[in-house]
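Participant: As a plain string of letters, each chain reads:
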Amino acid sequence: MIYCPKCGTANRQGSKFCNECGAPLPATGLRCPMCGAMNPAGNLYCDRCSARLIPAERVPPEEEKPERPSPPKGISLPSVPLGEEEWLSELRAEALDLAPEEETPGWPGELEAPGEPPTPETAIPEWLAELEAPAAPPAPEAPPPEAAIPEWLVELEETVPEAPPPAEKPTPPLAGIPVPPSGEIPEWLRDVEFAPPIQEEPSAQPPPVAEVDVHAGMPSASTTVPPILIEGEEEILSTAPAEIPDWLKEAPAEAPPEYGGLVPAEIPEWLRPLQPREGVAVEEEPTETEGFLSGLRGLLPIGKGLDMPATAQPLLPRAPRPAAVARAELLQGLLSRPLITPPTAEIREAPRQSGWVLTRFLVGVILLAAILLPMLVRLPLFGPPTAPTAEALFATVNQLPGNTPVLIAWEYGPAESDEMDRVAGPLIEHLLRREARLIVVSTRMEGPAAAEALLASRLVDPSERSRRIANLGYLPGQAAGVREALGNLGGRTEAMTGLPASQLDIMADVHSIADVGMVVILAAQPDDLKTWLEQISVANPNVPVVAGVSARIELISTPYLAAGQLRGMVAGLTGGAVYERQLDTGWGREYEYYLTSLGMAQLAIAALTVIGALIFLVGGRKR
Amino acid sequence: MTADLIGLIAGTLLTLLVLSYILGDNPLYRLALHLLVGATVGYGVAVTTVTVLQTVLPALQSDSPRVRALIPLVLGILLLFKGFPRWSAWGNFSTALLVGVGAAVAMGGALVGTIIPQIAAVGSLNVWLREGSAGLINGLIVMIGTIGALLAFAFAVPRQPALRRLWNGSVGVLGQIGRLFLLAALGAAFGTALTASLTVLVGRVYAVVMGIQQLLTLIGMSSG
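From first to last, the protein sequence lines stand for chains A and B.
One point on numbering: in the working numbering, the residue at position 242 of the first sequence is 242, and numbering is uninterrupted.
One point on numbering: in the working numbering, the residue at position 49 of the second sequence is 49, and numbering is uninterrupted.
Keep in mind that the hints were calculated from the coordinates and are not lab data.
Keep in mind that a hint or two might mislead.
[As the list claims (entries may be wrong)] A partial selection of chain A residues facing chain B, derived with a Cβ cut-off under 7 Å: (1) V357; (2) R360; (3) E419; (4) D509; (5) V538; (6) S550; (7) R552; (8) L555; (9) P559; (10) L598.
[Unchecked claim] Across the chosen pairs, the derived CB separations fall in these ranges: (11) F361/A <-> M107/B: 48 to 56 Å; (12) I147/B <-> P526/A: 33 to 41 Å; (13) N92/B <-> R360/A: 45 to 53 Å; (14) P526/A <-> A184/B: 12 to 20 Å; (15) L330/A <-> A193/B: 49 to 57 Å; (16) V610/A <-> Y43/B: 37 to 45 Å; (17) L5/B <-> E464/A: 43 to 51 Å; (18) P85/B <-> L330/A: 36 to 44 Å; (19) L136/B <-> R360/A: 43 to 51 Å.
Glycine residues also receive a C-beta, built at the ideal position from the N, C-alpha and C atoms.
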């Protein structure tokens, strides 16, 4: 398990990032001395280059093999500070009972001079001794020369000289690697300072854990790390330096000032990169002082500059760059230059303008001729128009009882009056003939005036106006105004006289849409027709509604007619002509002229369209 | 000279000024345009003012509860603050009331007056059968055209080849039919719009001819 230094989450061995917070986890495992690849703890050979990771040593017999400590398998954060560990006690006990000829490996004897006191070299493996290792493995648990030697270690050391040579020879040195002369110790190894030994007596103070380098994953050579018992783990991980090969110590520790008589050796070529450089200051990593990580250092490396207060960098350089200045000057020059129109553009534009004017003029003349011709010559080109919807509307109005109040939504103005007057005229006259009371309203500001003009032309006796017509004027508010007016017709004011509607005889029994016998919508725009139809459907869906609409919105009005929401409809000049013919008001000659002129204009438009298409196909496509 | 004759002459002259656009943009056309815009704005302001005053003032003077007229009056005055950026916030409530009430009324009307009746009419067999076989055929055409026009805008296709073939064979074909309906509808809409415009032109030409005839009669050059 690897514990995240940031959140403390336990992660699977070999994980590079924390599963909880994503923080990079400290690298653990064994680094191959040959290729540098990281291998899982416990690997004997490198997964990449198959080099041996752990130096060979004599394996004690099965019954003598100590169960603990186990080989280093990385490092985890300490959770419970402990005193003396069990394995250490067992080891001490075994050391007391150990037979010198059976238990002590041979390599300490080779390193130690007979009769001399034990030195830290006793922890050096035999294979290193044979190599005359330039970097003797520091043994953290080995007492420094000036420190008091524990009793159990003294007894253990006393047995060393008498130990027989090991049965198995250690792995010979690798070919090609220069072997330093025996007894030579690297210069950098001499300065290694050994940590104080572990206090054997149980102490109330927690063991020193501040020197654990989490990022390195392994303790440095100078650290003294007690065995760590992880709660919930079955095994006790030990980071005893005696178990760590020297090549795993990335940061070589300084050799002790006195190294037990070993002669400094020449550093082999492959170890030179590990040699500490002189004069390079090692930055002290911050040590955690709070929380359960207290005492650990290097958990959150501080990037250079991160601890410095941020300073706002100017977005723009203080002095403009020369290139920017040059571009600005060029732009300024272009903008300050007077606009010069190329003469070729004038030459090309002139014929086009004249051509467009000529074309437009010709089209206009043709249209005017087509419209005026029926006024000069009677052209029986078109038969009588038919409009079933207008006939249905005529029948509906014809059944209207006398003196019925009819609400008229006058939704067109002078701009559409040339068409809409021919649509609404026969219908209005028919209503007047049926003795209907006409109540006019409009959501368009010019609507009341347009209504007044047509009503005045169709009303035979102007003195009957007050008895037959009530122009309630303009309804502001669009749909909301319509909805309000439908419920409060009696509360409005007559537009021409300024009298309240309630004081008019024609409005005596009309207060809302419920009192109206029919609704006529005269609309030139689709939105007006829809607004009135929709609001009438909400206010009083039972009142019959008819419409006189422009040819422009005939298609939009047809679905309402098919759905029964409109009882009849006069659409366009054709519908008006049909209604006029049925009503026989005497305006037939005018409608005949209108229809003939309209037909001639439509033929002219069709002919011009065909001619234009032919011109385009023959010669205009190139342009 | 009566007001009708003055109006006829003014209308004839203005019509000729507008028709001068046939020769391109010119000052006469611009003059007529400016007159139209100015007269429309002035007339609108006058009508609106008179309408509001005619509605509010009698209500304030009557014996009926004045609050019904006072509330719209206050809201209308607050709405005037919208013309001044510094105090425009005072008109927010009036604006919110206008927009909210207008949207609610329009939505309710559209639902009750257009959407539901039109859906019922398209899907109702009675409507189709009202006019016999012709009505039935017409209803089927309307239904196919409606569905096809909707599917004409379905541009996504399934990724699976089998579903894509099925999609192209059904939705694709209906979409093509819908495009034909769209073409026909757009053509018909253009035709009706052109007819309405030509009708207005015919009316203007007729008015100009009548105006000239009136002028000639007035000056004794024509017997009418």
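Participant: Now tell me if each hint is right for this structure.
Facilitator: Each hint tested on the structure:
For V357/A, the interface hint holds, the least distance from its beta-carbon to any beta-carbon of chain B being 5 Å, beneath 7 Å. With 7 Å as the threshold, the beta carbon of R360/A comes within range of chain B, its nearest partner Cβ sitting at about 6 Å, so the hint holds. Hint status for E419/A: holds, given a least beta-carbon distance of 4 Å to chain B, under 7 Å. The beta carbon of D509/A comes no nearer than 20 Å to any beta carbon in chain B, farther than 7 Å, and the hint placing it at the interface is violated.
Evaluation of the V538/A hint against chain B yields a held restraint, the C-beta minimum of about 5 Å falling below 7 Å. Because the smallest distance between the Cβ of S550/A and any Cβ of chain B comes to about 5 Å, under 7 Å, the interface hint for this residue holds. Using the Cβ-Cβ criterion of 7 Å, the hint placing R552/A at the interface with chain B is satisfied: the shortest such distance is roughly 4 Å. Restraint check, L555/A versus chain B: the minimum CB separation of about 6 Å is within 7 Å; hint holds.
A cut of 7 Å between beta carbons decides the hint on P559/A: the least distance to chain B is about 6 Å, and the hint holds. Against a cut-off of 7 Å between C-beta atoms, the interface hint on L598/A holds, since the closest Cβ of chain B lies about 6 Å away. Here the CB-CB span from F361/A to M107/B is close to 49 Å, well matched to the stated 48 to 56 Å. Evaluation of the 33 to 41 Å hint for I147/B and P526/A yields a failure: the beta carbon distance comes to about 23 Å.
A beta carbon spacing of about 49 Å between N92/B and R360/A agrees with the range 45 to 53 Å that was offered as a hint. One distance hint, 12 to 20 Å for the beta-carbon pair P526/A and A184/B, holds here, with the actual separation near 19 Å. Between L330/A and A193/B the beta carbons are some 51 Å apart, a value that agrees with the proposed interval 49 to 57 Å. Distance hint for V610/A and Y43/B: a CB-CB separation of about 43 Å, consistent with the stated range 37 to 45 Å.
The supplied range of 43 to 51 Å is broken by L5/B and E464/A, whose beta-carbon atoms lie about 25 Å from each other. About 40 Å separates the C-beta atoms of P85/B and L330/A, a value consistent with the hinted range of 36 to 44 Å. With their beta carbons about 48 Å apart, L136/B and R360/A fall inside the hinted range of 43 to 51 Å.
In the structure shown, a violation is registered for the earlier hints numbered 4, 12 and 17, in ascending order.
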